[in-house]
Structures are given as structure tokens and as C-alpha cells.
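Engineer: Residue numbers (my numbering), protein chains in the order written: chain U, 309 to 417; chain W, 96 to 583.
The hints are simulated quantities; they were obtained by calculation from the structure and are not laboratory data. Be careful, since some hints might not be right.
Said to hold, decoys possible - Covered stretches of chain U (in silico footprint by chain W; criterion: 3 or more residues with CB under 8 Å from a CB of chain W, positions within the stretch not fixed):
id, region
1, 324 to 333
2, 340 to 349
3, 373 to 385
4, 395 to 407
We treat Cβ as the ideally placed atom computed from N, Cα and C, and that holds for glycine.
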Amino acid sequence: MAACALAIALVGLGFWTLIRRRNVIWKLLGLNVAAGGAILFLVAIAHRPGAHPAIVGLGPGPTADPLPHALVLTAIVIHFATLALSLVYVIVLTERRHSQDVHKLEEDR
Amino acid sequence: MTLAIGGVVLYLALGVIGFLVRPQWICGVLAILAGSVSLALWAPGFPEEALGGGGWGIPVAGDPWALGMWALALVVHGAVLLHERARPGAFHPVLTLLVGSCLAAVVSGDLFNLYVTLELVSLLSFILVGYEGQPRAVWAGLQYLILATVGMTLYLLGVGLVYGKLGTLSLSAIAALGRGLSDPAVAIGAGLLVAGAAIKGGVFLFGLWLPPAHGYAPTGVSVVLSAVVVKTGVVALARLAAAFPVGPILVAIGILTGFGGLVYALWERDLKVFLAFSTVSQLGYILIGLGLGGQALLGAILYAVAHGLFKGLLFLAAGQAIEETGEREIASLVGRLSWPTALGLAVGTWAIAGLPPLAGFAAKGALTADLSPMARAVLGALSVGTAALCARLIPLLRPGPKGTASPGGVTVLIVSLVGFGLWGFLRLPGLLAPGKWAEAVGEALGGYGLYLLLRRVRPPLPRITLDRATVLALLGATALVAGILLLG
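Go ahead and model the full structure; you've got the sequences and the hints to work with.
Structural biologist: Set out below in C-alpha cells:
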């Protein structure tokens, strides 16, 4: 439950940064914090009371739900790719427009 | 199922091989061939099966949505290949990968698999939007990626909520459970899923990244984005609507996007951004049909395919015009188009106005065949508005000097539009009724009248910035979740 609350707080915090900051890099950081929150939420969903991690060889007893963990792995890779690509675009924009400020980038050119 | 998956795998593999061989477009041609063979073998569809077998497999289904989108994607890819064949570098391999991931997205019946394929589609389109490195296009691409990621984050939260409550990711299994939206957690989850897909799909007020990204992308990329990529978001919404009873919500979003896109398009000066706003508006027809369900669902599928064909043609002709003249504004393009470009624009305009005998008329006929008078009136008003948009393009249709563009891509799309229209006359009942024809012509004339009325007006529409678009997407998502909670 605490993990769920933390995850939702992270998503909110990330979106807040995304909206409030004017620098594109800050915006991307906010976006990534939000995405991290969503990933943490999936991990929290997998939790079962008294269970140990879903790893073969950790002994008997209930395990956490392995499916969300598999999803999380994929989601992390996707977020990595997204962030890397966006940063490449920020580099291009910085070189061409000499700015990372959203208001400046939005002026029509 | 094996045949369809084989087609997708071959498509993606040829995309990767395309990076290594010269000329790069050759792998695109092979991929289209492979895709067509696969489509011909699995058409007219296959029942849902689990890829990987057993309880853990990913459900894959060859339903009418998949059939229509596959045919559309292959035709459009062919047209773009003809137009852009001279483009060097990684363009064609990335384009092939993009179309391949669209093919994968539309056969998927699994919440998380949809997420992965939609993200793949976003990433690849993002590369292509900024391919020429113009700052304006790069900025449009970055906006696209930021908003698409916002949408997909909401979607992932929805996946978590739904899986946590229902214990399955398969959309057909969720539909079979028939739990509806009475459980608040499931209702919130469904709301987040729909909101995420709506943001990704470029629906008005949710996905306002669409107009700049489609408008400033290179010609061939705009064509694929508007014709095929937008439809993956629509297919995701269609799958969600089959699993959760969210029909009324989709109708509401459809009306909003139909008229919202229309208002912005009426006063947009840049030709390609104008077409992009018109895409936003056209999504309205599809979503309204989707939300109403029943007979209208088939109409929505046909309209999605028809829209892909005629909007692809319009974007192709518009891109050619811009490449030929170096001008982007509608007013400064008047009388400067070469005749193949003007012809493409004319046929596209004729089709999007819903005039017989082209694809737009057939699809609109199927969509409105079995509707209540209320829904018919809403769609009629939308058609009048669409015709008013078309009236803005009429001055462009007078051909000017001889051009340099090759007419190959335009020809492919014109032939498919005519073919779709003829197929409609043969297979869809009631299209030959004089009342339908009179209605179509009446709507077109009404639209022209509306255009003449509004020509002198210039309302101050609020500018769409990244911050505003983000806030609107999040507010829209909140409203949507609230709406679904009320519904449940």
C-alpha cells in the first residue's frame, strides 16, 4: 500500500515538473520520474503478503506475482530508449536554436 | 495466426536488413511483398489464438480491424515508397520498421503487448518526424514524444490497476469476465487506459501534439503518420471499447474531436498543418461510429481505411506542392501546382467531402446506414464542416506551371480510392439510393456556403503550446476517469 502511494506521488511529482519547468531537460526529467512512478506501481501490484521475490531457487512458500515484473523489464527498456532519443533531439535543438527554453523554442522560425 | 505473425516478423526483419543493403528502398519493396502475401493468406481473418500457447501466451486476433489496417498500411507504404524512393540513408529501413510495428499493433489483443507496440510506433515515428533535422520539425517531434509518453504512462498505470483487480491482460478475457465498470478500481483503470490511447491517438484536447508533428514532418512521413500511425491509437481504443463498456465516453470524445479539429482547421494558414487539423476532426467520425457500436462499428472500420487513403493522398499532394514551390501557406500556393499534384489534391478533396463515387461516400454511407436521427444530425453537421474545409482547397486546384514531381504515389492512392468506392457500390447496400446522393451533394453545397460565410471572420483561437497541450491532456484524462466512474 505504501509503495502504491509512493508510486502515485512520483507520477504526480513528475507531471508537475513536466508542466512547471521551462527547460526541456527538466521537463524530460519530470517525465522520467513520472514513468518511474508507473513502473513502481506495477511492482507494487505484484506484491503479495509474506511472499518472497519470484526467483527460482529461493525456496518454498508463496512468491510475488512474476508477470508484472516481466512487464516492468520491458517498460524500463522502452523508457530508456525514449529518454535517449529525446536527449538526442534536445542536442539537435540546442545546436540549431541555442536554447533549451520552451518559450524560445516555440517561437515560429 | 502463424501466417500473420510470420508476415510481421518478416516485415520487421526486412526493415533491419534494409540498414545494410543498397539501395535501401529495395527492402521496403520486399517487405510490402511479404506483407501482401501474408495478408492474402490469412484474409479474411482468423479467430483469436494465444501466441506462445497456454495461459501465458499473447492473444492475437485477425478481426476486421486488423484486415482493414493491414490492407491500408500496405497500400500507403507502397505509395510513399514510390514518392520517396530517392531518399538516402536510414529513411526507408526506419519507415519499414514503423509500418511493421503498426501491423503488429493492430493484430494484438493484449493490454501490455499493445503498450509495447504503440511505444515502438511512437519511437519510430519520432525518428522520422525530425529526419530532415529542421528545428521546427525536431521540436514538433519532441512535443510528440513528450505527450505520447505522458499518455503511455497513464496507460501503464491503467494496466497495473486492471491487472491487479482482474488478474489478466487479455482483452477478450476481460470482456468474457463481464465485470463491467462497477468496481471503482477497474473503472479508474479503464479510464486511464482510454485516456492513454486517446492521447496517443491524437484526439482533440488530449493529443494536441498531432498537428505540428504531422504538419512539419517530411512528405512521406506525414502520409504514413496521418494514414496509418494515427489509426493504431484508434485500434487501441476499439480494442478497449470491446473489453470495457465505454461506448458513450467514446461518442463524447468523438464529438469533441470532430468539431474541435474543425474549428482549428478552418482558420489554419499552413497547408499541411491544416490537413493535420482535418485529421483530428476526421477522427470524430471514426470514434462516434466506434462508440455507437453495432452496424456503425463496421462503418467506423471502413471510414478509418477510407480516411487513410484520402488523407494519405492529400498529404502526398500537399507535400509535393510544397516541395515543388517551397511555399507552405495555402494562399501563396494558389495557381502554382503542377497538374499531377493538383489532380491528387482534387481527388483527395472530392473523396474527403464524401461525394460519390469515391471511398469517402461509401464509408460515410456504411457509417450512417443504421443510426438514430440524433447521431445522423451530428454526423451531418460534421460533414458540412468538412465540406467547408474542402472549399478552402478549391482555389489550389487550378494547375499552374509544369512540375517535376513523379506522379507514382499519387496514382496508387487515386486508384485505391476509386477501387474502394466501386467495392462499396457492389458490396454495401443502399449506396445507389438517390436520397443518399442528394444528401451528399447537399452537405457539400452547405459546406461551401459555410465557407463563404466564415471567409471574412478571423476569431482569436488560443495558440497551442507544449505546456497547454500537456495540461489539457492531463485534465482530459481526469475528466475521462471521472466520466467513467460516473458511468459505472
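Engineer: Each hint: holds or not?
Structural biologist: Verification of the supplied hints:
1. 324 to 333: Three-residue rule met by the region 324 to 333 of chain U, so holds; n is 3.
2. 340 to 349: It holds: at least three residues are needed, and the region 340 to 349 of chain U offers 6 whose Cβ sits within less than 8 Å of chain W.
3. 373 to 385: Per the Cβ count (5), the hint holds.
4. 395 to 407: holds (count 6)
Violated hints: none; the structure is consistent with every hint.
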